[in-house]
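4 protein chains.
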Amino acid sequence: MKRIGIIVNKSKPKAWIIARQIIRSLEHRNVKIVIDEFVAEQLGRSELGIPLFQIPKEADIIFALGGDGTLLGIARDFAPHNIPILGINVGNMGFLSESEPENLELAIDKVLSGQYYIEQRMMLEAQVVRNDAVIKQFIALNDVGIAKGAFSRMIEVIMFLEDKFLRSFKGDGLIIASPTGSTAYSLSAGGPIVTPDIDLILLTPICPHSLNVRPMVISGHSTIRTKLDATHDDLGLTIDGQLGFKLEIEDVITVKKSEYKTNLIRWHEHNFFEVVRRKLHN
Amino acid sequence: MKRIGIIVNKSKPKAWIIARQIIRSLEHRNVKIVIDEFVAEQLGRSELGIPLFQIPKEADIIFALGGDGTLLGIARDFAPHNIPILGINVGNMGFLSESEPENLELAIDKVLSGQYYIEQRMMLEAQVVRNDAVIKQFIALNDVGIAKGAFSRMIEVIMFLEDKFLRSFKGDGLIIASPTGSTAYSLSAGGPIVTPDIDLILLTPICPHSLNVRPMVISGHSTIRTKLDATHDDLGLTIDGQLGFKLEIEDVITVKKSEYKTNLIRWHEHNFFEVVRRKLHN
Amino acid sequence: MKRIGIIVNKSKPKAWIIARQIIRSLEHRNVKIVIDEFVAEQLGRSELGIPLFQIPKEADIIFALGGDGTLLGIARDFAPHNIPILGINVGNMGFLSESEPENLELAIDKVLSGQYYIEQRMMLEAQVVRNDAVIKQFIALNDVGIAKGAFSRMIEVIMFLEDKFLRSFKGDGLIIASPTGSTAYSLSAGGPIVTPDIDLILLTPICPHSLNVRPMVISGHSTIRTKLDATHDDLGLTIDGQLGFKLEIEDVITVKKSEYKTNLIRWHEHNFFEVVRRKLHN
Amino acid sequence: MKRIGIIVNKSKPKAWIIARQIIRSLEHRNVKIVIDEFVAEQLGRSELGIPLFQIPKEADIIFALGGDGTLLGIARDFAPHNIPILGINVGNMGFLSESEPENLELAIDKVLSGQYYIEQRMMLEAQVVRNDAVIKQFIALNDVGIAKGAFSRMIEVIMFLEDKFLRSFKGDGLIIASPTGSTAYSLSAGGPIVTPDIDLILLTPICPHSLNVRPMVISGHSTIRTKLDATHDDLGLTIDGQLGFKLEIEDVITVKKSEYKTNLIRWHEHNFFEVVRRKLHN
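Residue numbers (my numbering), protein chains in the order written: chain C, 1 to 282; chain V, 283 to 564; chain W, 565 to 846; chain A, 847 to 1128.
Where hints are given, some of them may not hold.
Stated by the list, open to error - Subject to a maximum C-alpha distance of 20 Å in a straight line, what follows is the list of computed DMTMM-like cross-link-like pairs (lysine to aspartate or glutamate): (1) C/Lys10 <-> C/Glu41; (2) W/Lys728 <-> A/Glu1120; (3) A/Lys1010 <-> W/Glu838; (4) V/Lys539 <-> C/Asp199; (5) C/Lys246 <-> A/Asp1080.
Please keep in mind that the hints were generated in silico from the structure rather than gathered at the bench.
Please build the complete structure, drawing on both the sequences and the hints.
Next comes the structure, spelled out in structure tokens:
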């Protein structure tokens, strides 16, 4: 019998309501449940609570109650555990979540009876190298952003592909995105929409001053190394638009495909462009 | 001993001069040469001439004297023969040609001694279906363009991916490009720059009236099917920007990866972005 | 008492229905009506019919029943007559029409009692010069397009501003647009949205091969002169996306602000951006 | 006899050298000179030094030695004084400077003999309103940027034109630019190139998440009012890319044409597009 771990976006009231429904439904089926201990306590079910980081060890499947933002965080945090995640969307339709709350019972049935398949999504691994040492490492599902701060002048971004000089340009920064991230920040900066099944990495410049710098698509087997030049040090790394890290001018940022993947539970072949049409093209 | 076929862009005087040099050099090395019969005659060497279409049967390697345009035509015409092509550039630097004329002797040495490697480039296959029958078939190295004429009103382009509706939009047309074609017409229409080694197809809308239609990247294993709607029939298919075919409003255009590839002779690992920088970013 | 001229988009059934209603309503108020003679006959009211070109002489105000396309044609044809036009929209909301059919009686009341104001829209004048003689002249409300045909290769567009060289570029062509035309073809090609009250001309390149060519905004007092270079003569001039004219390679195309304006009847200050939001941004 | 004020970009060694040459040349002609007191001291000419802010009161013409950045600062600081400025370019060619150092003697001759004309450039005035009070006021020559910080999530920008709702969008921010600013940050964000003589204001969204938000051009007589919405307060106002001001989430930012103009000294009709070609299109 599968064990289910439940993660809740605490800031969304609807997520709490759905969480109660799911717990009731799973207990009714005698399924083992584990919940983030803070959420468990709030729900008056402390006995189900365990520390968040232990959830992927005690569960076989994660139910993520929230939106794409919630799922991005879980995907990063649990990446090394290779655990399937069912995104249960409580807000607007998302690119990553599969189940809408109205189909909850059906969704639970399908998950427990194994009537689903796993869609694997490429993740990115970013390393910040300072004084020849890796001082920080990140996993991203959508993108790694390298950008100047709001008040600061343009920076120069110098890109290398497998140690060969690729191109440098002045501008606000660079987005290094996975196919999954192609519909996020990269799209706002002029990048193409990419179906999630292709093994590639997007390099999308942010407001480049040089007009002939354009979004670039490189192989998923590439390693992209980025150096910066600026007259200031108001420089930041952003992971999935959610985590920030202050960069210094001498830092080298290396990004490549992660060994980990996000495992999304899907009922049937996911119609990517249907979501694109509904999210972007209405 | 390798047999060399020589193709000359007849409109470029420099190509003729280089052709003479190459013939002299190859004969000096006792290499068998075949030449397009019209060119052979002009060069006073009718005995080397054979019909153009027979060249890939009588030669092991093609020397293409011209620019990227010349090479595009040869790549399409000789695609089923799977023959290596050395592009000898007689004009501005190209994306496809490898040898610059000043290094001619060295280039010939390397080719004859096998000191090269083959870079394979994906080609596209386009079919025009009219009344349920395939009435026309094309191979393209760069792109398949579907567009309205200069005087006509917008057309609606309706795209299907593996028979699933993808998106429709009004505009001037659609470019379906290989990675090689990413630096050609697709780039002018806002598409990304793609390294040639990724297995993908680009869908780049031309002047879309709907602002939220954007360049799309789909897997190289995809089949894209396109229908059109318009109040006129001033509709054309263009192959590599070189061949035109008049479409009718009921036609269905199917594009997928060709079983054939273009085999480019390269001396060493081709630095794609160096060419991009020199061609686009100067 | 004002005399009303009625123009009908013959291809839109709803326009015919509205035409009958308007005639009834106007006759009930003893207003003199003139109608295009073909339409009058179809409506069984031949006695109201006069040749189309005489309508602006016999009427004080035009009622244009159709969409933006209908109004564009009337604006061009009647430009020298300086006559107010009320666009009565029978399809989707338009940028140019003011009255929606449901408010027909109210609209007629307001027009007859002078409760409206005139919004003047800049028009463009285009001249084609061949062998130093003006061989053709056009007036446009939206735009003057200069473009290659569907099958042809890129053309070079060479632009001069008041006889000074401005810029040349290779690509599919150039759109020279008025502020009114900024939401039409120019927008599809990447041009900005311009409020109709500014005295400017837009120069929007179509799929420029040179990545650093961008939409340009020049003063409404400017004269833009364009020469072309191409290896073919599949070149066309398009007026408002409606009229076509075959260009030859030696032609010089001159575009400047017309001395005529389109006079649109408006009930109150037109909220341009509300229309933009509803048309483009939903 | 005209009195000359000299401003030097202290960080550019070449500016110091030119400053000495200019002083020598002007003294030779018995022209009165005033210099920023810190620069005067460094040059060993303390007797010519006065406080920077007094220069426009004691001088009739400013010689600005530096690049476009130097001139932007002087234009803002001295805006209320309505003083002609000659930009003497010591680095790469600029959009604002007129004299190249090699023509120094000729430039001085022309200025002293009045052989120049004044090109007036529109400036913008920005007000930050907090709790119904104007807490900060800026003048800008290029642009007023409103943007989120490097680590923060998208903000919502809500725009009003003369108190009418214009449009809201999510993204990185908004650039409100003068025609002069059209070749600066606005261009990087996708805005059009505008000749400096048109009375308009550019609204260029920065990385808008909504794909149908596009650069907009409004009349120079407009007042644009901007409100923000965000889940954070990492919000900044930037003037000409040089001055920063921390915004709070409830702030209202109002931008309109300033009553002041920048007065650039020009030898002859300035060929704007020649500079565009040389700066952007090389």
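Comparing the hints with the structure gives:
1. Between C/Lys10 and C/Glu41 the alpha-carbon distance is near 12 Å, which keeps this suggested pair within the 20 Å criterion.
2. Between the alpha carbons of W/Lys728 and A/Glu1120 the distance comes to roughly 9 Å, so the proposed pair stays at or under 20 Å and holds.
3. Taking the CA atoms of A/Lys1010 and W/Glu838, the gap is near 9 Å; set against the 20 Å cutoff, the hint holds.
4. Between V/Lys539 and C/Asp199, the direct Cα distance comes to roughly 17 Å. Compliance with the 20 Å bound is thereby established for this hinted pair.
5. Restraint check for C/Lys246 and A/Asp1080: satisfied, since their Cα atoms lie roughly 14 Å apart, inside the 20 Å limit.
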